[in-house]
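As you go down the protein sequences, you meet chains H and C in turn.
Okay, so the first sequence: first residue is 1 according to my numbering, each after it adds one.
Okay, so the second sequence: first residue is 1 according to my numbering, each after it adds one.
To be clear, the hints were calculated from the coordinates, so they are not data collected in a lab.
It cannot be assumed that every hint is accurate.
Said to hold, decoys possible - List of simulated lysine-lysine pairs, DSS-like, C-alpha gap at most 27 Å:
1) K116/C x K6/H
2) K6/H x K121/C
3) K316/C x K303/C
4) K123/C x K6/H
5) K316/C x K6/H
6) K466/C x K6/H
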Amino acid sequence: MINFIKENIFFIIIALFILVSVSFSYYRYVVLEDFEYFLTEEEIPEQFNINSYI
Amino acid sequence: MENINQIIESCEWFPSSFLVISENVFSPLLYYSYFFAFVPTILIGLIIFFNNTKRLENKVLFLMLVSFSVWVFGNLTIWATEFPKYTMFFWTMINTVEPFVYFFAFYLAYVFFFKKDFSIKQKIFYFSPLLITLIFAPTSLGLLGYNLSDCDRNAIEGIVAKYGYIIEIIYIILIIHFAFKACANKQLKSRKKEIAIFTIGISLFLFSFSLSNMAEVFSENWYIGQYGLFGAPIFAGLLAYLIVKFKTFNIKLIAPQVLVFSLIFLNVSMLFVRSIENIRYVLIPTIIISSIVGSILIRSVKKLDHQKELLDIANKEQENLIHFISHQVKGFFTKSRNIFDTLNSEPDAVHESLKPLIIEGLRSDNEGITVVTNILNAANLKTGKVNYVSNKVYINTLLDKIIEKEKVVAENKGLKFEYQTDGKMIEFSGDEMRLQDSILNIIQNAINYTQSGSISVKLEKDELSKKIKIKISDTGIGLTEQDKQKLFKSGGRGSDSLRYNVNSTGYGLYIAKQVIERHDGKIIAESAGRNMGSTFTIELPIK
Numbered sequence: 001m002i003n004f005i006k007e008n009i010f011f012i013i014i015a016l017f018i019l020v021s022v023s024f025s026y027y028r029y030v031v032l033e034d035f036e037y038f039l040t041e042e043e044i045p046e047q048f049n050i051n052s053y054i
Numbered sequence: 001m002e003n004i005n006q007i008i009e010s011c012e013w014f015p016s017s018f019l020v021i022s023e024n025v026f027s028p029l030l031y032y033s034y035f036f037a038f039v040p041t042i043l044i045g046l047i048i049f050f051n052n053t054k055r056l057e058n059k060v061l062f063l064m065l066v067s068f069s070v071w072v073f074g075n076l077t078i079w080a081t082e083f084p085k086y087t088m089f090f091w092t093m094i095n096t097v098e099p100f101v102y103f104f105a106f107y108l109a110y111v112f113f114f115k116k117d118f119s120i121k122q123k124i125f126y127f128s129p130l131l132i133t134l135i136f137a138p139t140s141l142g143l144l145g146y147n148l149s150d151c152d153r154n155a156i157e158g159i160v161a162k163y164g165y166i167i168e169i170i171y172i173i174l175i176i177h178f179a180f181k182a183c184a185n186k187q188l189k190s191r192k193k194e195i196a197i198f199t200i201g202i203s204l205f206l207f208s209f210s211l212s213n214m215a216e217v218f219s220e221n222w223y224i225g226q227y228g229l230f231g232a233p234i235f236a237g238l239l240a241y242l243i244v245k246f247k248t249f250n251i252k253l254i255a256p257q258v259l260v261f262s263l264i265f266l267n268v269s270m271l272f273v274r275s276i277e278n279i280r281y282v283l284i285p286t287i288i289i290s291s292i293v294g295s296i297l298i299r300s301v302k303k304l305d306h307q308k309e310l311l312d313i314a315n316k317e318q319e320n321l322i323h324f325i326s327h328q329v330k331g332f333f334t335k336s337r338n339i340f341d342t343l344n345s346e347p348d349a350v351h352e353s354l355k356p357l358i359i360e361g362l363r364s365d366n367e368g369i370t371v372v373t374n375i376l377n378a379a380n381l382k383t384g385k386v387n388y389v390s391n392k393v394y395i396n397t398l399l400d401k402i403i404e405k406e407k408v409v410a411e412n413k414g415l416k417f418e419y420q421t422d423g424k425m426i427e428f429s430g431d432e433m434r435l436q437d438s439i440l441n442i443i444q445n446a447i448n449y450t451q452s453g454s455i456s457v458k459l460e461k462d463e464l465s466k467k468i469k470i471k472i473s474d475t476g477i478g479l480t481e482q483d484k485q486k487l488f489k490s491g492g493r494g495s496d497s498l499r500y501n502v503n504s505t506g507y508g509l510y511i512a513k514q515v516i517e518r519h520d521g522k523i524i525a526e527s528a529g530r531n532m533g534s535t536f537t538i539e540l541p542i543k
């Protein structure tokens, strides 16, 4: 087991990072449903406008 | 919120089953393009990975294809699901995972080209751009929100998604850069073709994947993205070619696995076909894959068969050559021995100072004859040219003859020699001369490979198991597990064999085993390890 971890430590770290990121997304979007709805085309913000993210 | 629910209801989306199947997917092209992309790539990836799970190339390829598979599943869910929350979650997930397809592809290319891993610094350097995606993809920088202005079930991507496309292009450029570097490397000259084919395959796959994704995002024509997936089976096909032609990923045979896996997968997928008209969409690839891979398999088997025939001929010729040479050499040794024998039997004819040389020459020729005889016997046994003579043999008498001589040799070497028997006569039917030679060989080995301590020989008749057992134990150099693998093989020796017995041919135990087995018996070698002594047990059936 220890040898397996030593040989694959880099991949294990990547997997942990992905797991944390995806878990956070799941919690935010599926559990809390914390996102905005844009009901009309005018409401859709510009992606390259900094104000869209404030 | 009420307003939102009303708009969602008005879109009349169909419910999905297993996340990915629903009538919201209004183009069959979507499912079948994913099928053609996903199936061959994941098949090849699984075959390569399970062939050798410890090899770095195999691991990295597997991770790349797992990332791609997660992407495929996530994208299909986005198309099929009726829930905005799942669209948002899976969209974020594919934005997170997509750059990893490129990262692992680049890692794989590097390891494939240079046959070495990244250093720790390189790993950190090439992985660090992905941290931004990992950290910010789940935030509003990743997805700005859900577009309910139409019923297309889309999320609005933020700046982090665009960042992801840029690092994907950078990884592709790095792959091409290292491919040129590898081709320019003199030490990798012989692998230029292999490197070129790999680079073309992986670049086609990644370029088509990223360009189509970017095109669909900027044009908002979501169909464009589906065509990009056709790069995947091309990559899988080139990988299969590399495996067949260059034994890449250390796989020697791939056609049978591909055929079996793909037939199983395609037949199982028929269970999920919803209407009889659509069965042809599964049958057509089944027919194509079976025909192509099946014909490759038939050709491989024919080739293997032909190679086996050539190998059998080569082996027979080698055996005949060994036989011929050994006979000739034995003839020369015999002549030389006869000359020394004649000189030794006429002590007055020879000067005193030459007598030790004559004795040494006689001894050397006798040893040479024994060695050549062993090699000849082994060759005869292999070709089945040995004739066994069956007579009534008393095993006690046989052992007495051997031990009378060998006990003296052992005691002269400073070893204790014990012989245990209950004195009862044990009758056996077999070839006395060959049985004697075999037992003698094992006892001589015990003496040769023991520097101090004792040798013990035990003879017993086990009425319960109906066996005659001859146990020869020593306190010598012992046997490792590696030694045991080679022990009874033609030409096989223990790792220290020549150090203790310079005349070891590696045929003695092979011959002994053949002779004992010919008499329906067996030889068992046991040892606790290096310098722990060993025990050889000969078992013969009571007839």
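For each hint, the structure was consulted:
| no. | hint | result |
| --- | --- | --- |
| 1 | K116/C x K6/H | holds (17 Å) |
| 2 | K6/H x K121/C | holds (17 Å) |
| 3 | K316/C x K303/C | holds (20 Å) |
| 4 | K123/C x K6/H | holds (15 Å) |
| 5 | K316/C x K6/H | violated (49 Å) |
| 6 | K466/C x K6/H | violated (53 Å) |
Hints 5, 6 from the list above are not met by this structure, while the remaining hints are.
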